[in-house]
Amino acid sequence: MIDTAVDILSWMLLFLGGAFVIIGGLGALRLPNFYTRLHAASLTETMATILIFAGMILQAGLSLAALKLAAIMLFLLLTAPTASYALANAALQSGMRPEARNRDETL
Amino acid sequence: MIILFGLFLLSLLVITALAIVRTENLFVAVMLTSIFSLLMAANFFVLDAADVALTEAAVGAGITTVIFLSALALTAESEKTVQTGKRMALVVVAVLATLIIYATFDKPRLGDPEAPVHQHLAPWYLENTPVYMDFPNVVTAILGSFRGYDTLGEVFVVFAACIGVLFILGVKPPEGRIYDPHASGLRHHLIPQVVGRLLIPFVVLFGLYVQFHGEYGPGGGFQAGALIASGVILYALLEGEAAALRALPQPVLMGLVIGGACLYGAVGLLCMLLGGNFLEYSVLSSNTVSGQQLGILLIEAGVGMAVCGALLSIFHAFAARPRRL
Amino acid sequence: MNLLELLGYFNYWVFAIVLTVGLYTVIAKVNLVKKLIGLSIFQSAVFLMYITMDKVEGGTAPIIQKGVENQVFSNPLPQVLILTAIVVGVSTLALGLAIVVRIFEAYGTIEEDEILDAD
Chain A
6 MIDTAVDILS
16 WMLLFLGGAF
26 VIIGGLGALR
36 LPNFYTRLHA
46 ASLTETMATI
56 LIFAGMILQA
66 GLSLAALKLA
76 AIMLFLLLTA
86 PTASYALANA
96 ALQSGMRPEA
106 RNRDETL
Chain B
26 MIILFGLFLL
36 SLLVITALAI
46 VRTENLFVAV
56 MLTSIFSLLM
66 AANFFVLDAA
76 DVALTEAAVG
86 AGITTVIFLS
96 ALALTAESEK
106 TVQTGKRMAL
116 VVVAVLATLI
126 IYATFDKPRL
136 GDPEAPVHQH
146 LAPWYLENTP
156 VYMDFPNVVT
166 AILGSFRGYD
176 TLGEVFVVFA
186 ACIGVLFILG
196 VKPPEGRIYD
206 PHASGLRHHL
216 IPQVVGRLLI
226 PFVVLFGLYV
236 QFHGEYGPGG
246 GFQAGALIAS
256 GVILYALLEG
266 EAAALRALPQ
276 PVLMGLVIGG
286 ACLYGAVGLL
296 CMLLGGNFLE
306 YSVLSSNTVS
316 GQQLGILLIE
326 AGVGMAVCGA
336 LLSIFHAFAA
346 RPRRL
Chain C
1289 MNLLELLGYF
1299 NYWVFAIVLT
1309 VGLYTVIAKV
1319 NLVKKLIGLS
1329 IFQSAVFLMY
1339 ITMDKVEGGT
1349 APIIQKGVEN
1359 QVFSNPLPQV
1369 LILTAIVVGV
1379 STLALGLAIV
1389 VRIFEAYGTI
1399 EEDEILDAD
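Chains as they are written, first to last, in the working numbering: chain A, 6 to 112; chain B, 26 to 350; chain C, 1289 to 1407.
Chain A on its own, in the form it takes in the complex (with noise of 0.2 angstroms):
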């Protein structure tokens, strides 16, 4: 009974944290500025992150692989946001100022 239901929660946090990754990857498309758009994409990094390794740990039981599941949790949520910030940072510092009218050239 509790298999099952640890089951169908792991299920739903994998759902949830796909359906995050999708938002993510929607905005990073439509949305018109390059800050919004790594706003967008940066909810990948956390949110989905932190949703699809939770239902990945539920599913692997209480074993080693939960523990190292949740160092490479711990390992992308420090790196990748870091990774946002310099991109940010390096586009404010060459010149880019966060408008929310103009709709940048693609490279």
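Treat the hints with care, since some could be wrong.
[What the hints assert, rightly or not] With the Cβ distance kept under 7 angstroms, some of the chain C side facing chain B (calculated, not the full set): (1) 1311; (2) 1325; (3) 1398.
[Unchecked claim] What follows is a list of derived Cβ distance ranges for each label pair: (4) C/1404 <-> B/116: 19 to 27 angstroms; (5) A/36 <-> B/101: 28 to 36 angstroms; (6) A/24 <-> B/32: 20 to 28 angstroms; (7) A/24 <-> B/103: 36 to 44 angstroms; (8) B/196 <-> C/1404: 18 to 26 angstroms; (9) A/36 <-> B/139: 49 to 57 angstroms.
Simulated from the structure, these hints should not be mistaken for lab results. Just so it is clear, CB atoms sit at the ideal spot from N, CA and C, and this is done for glycine as well.
Given the structure of chain A, go ahead and fit chains B and C onto it with the hints provided.
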């Protein structure tokens, strides 16, 4: 279900490759190459090649991107499009693609256990690794002992590439270029500093873990060398390249490269001196199995040292080159 | 042949397409760094073909676990060859990029037709 996932990953590969060809900005092309390497590593993992996936991720997505970016910083940033000769190249390439696709219909289907490639040598290796060497990872056993000569040649190729790059980039640059030895890297940015300082010890520790666990799981000398080099390159990005050169100066890097290559050769010679053939590790200890394990441990250490020193020397050769204003 | 076999050939078709894309980049582009990127794509496609050949259905990665009987493993031999090939590929790439940097310092450009005209 896994088939759909595999198909999806392969389609992403094709899309990324087409995007790399079509873009004009070289920085974009280099970033897309790094994504391509990561997708390739995921594909290798889906196809059950764990060691190769680890190597491709560490070396392809990590080190290759850094070398490309440092070369781009020394040269131009975008490319010129040219119109002549494109149609003929397209025709040649399309004919070649058709020929290759026609030829692949003769291949055995994916995963067929009766395919000729699985018949002669591979079952022998899979049966005899527990007999001769008694550790789990068959790929390390083949790499270190059954095909030890190939790995010796590979270490010398890495050594030759390092020496070659140092020769080519050791010439004085032309006039008008400056090199700022006090370049501070990212020292004025707080967040990368803090996160980097948290991560560098764990990256180096993970590199050492991969080195010594190469016999029990995916890992080995090449991946470990690339990981430790990545840790030091992260330090160079944070504190400036001169600080990394002070931390691991050039004589130490040269000592690592030469020491690694010579350690491999010395183990082989030691086996000859103890009565066996070149690189026959069984004579290294009284028990043949533990002799093989000791031999593989030593040569993997040699490989790791050589790869780490070579990649770091190449990075410093590119990054310390004076660039134009 | 049924759909499953056709999907099994998909790996090889992707190999053919990525190989020809890399080859086209080497032939038709004039920028030297772009040619090197195309060469690395070409190499990666060849690696994909070798690793595709080594998969056995129902197999796992070739790591022998003690005490478990009747394990089916994928073929370890192409993996060893490709491991060597990846590292050799990175070495030649580093060497090629060093030569490109020197060419840029000598000629001032890395477009091939301008270099050939300047000579």
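Each hint, compared with the structure:
A hinted interface residue such as residue 1311 of chain C counts as satisfied when its beta carbon comes closer than 7 angstroms to some beta carbon of chain B; here the least separation is about 6 angstroms, so the hint holds. The beta carbon of residue 1325 of chain C comes within 6 angstroms of a beta carbon in chain B, closer than 7 angstroms, and the hint placing it at the interface holds. With a least beta-carbon distance of about 5 angstroms to chain B, the hint placing residue 1398 of chain C at the interface is held under the 7 angstroms criterion. Against the hinted window of 19 to 27 angstroms, the Cβ-Cβ separation of residue 1404 of chain C and residue 116 of chain B comes to about 23 angstroms, which satisfies the hint.
Separated by about 31 angstroms at the C-beta atoms, residue 36 of chain A and residue 101 of chain B satisfy the suggested range of 28 to 36 angstroms. Between residue 24 of chain A and residue 32 of chain B the Cβ separation comes to about 22 angstroms, which falls inside the hinted range of 20 to 28 angstroms. Between residue 24 of chain A and residue 103 of chain B the beta carbons are some 38 angstroms apart, a value that agrees with the proposed interval 36 to 44 angstroms. At about 23 angstroms, the CB distance of residue 196 of chain B to residue 1404 of chain C agrees with the hint of 18 to 26 angstroms.
Take residue 36 of chain A and residue 139 of chain B: their Cβ atoms lie about 53 angstroms apart, and the range 49 to 57 angstroms holds.
Going through the hint list in order, the structure satisfies each hint without exception.
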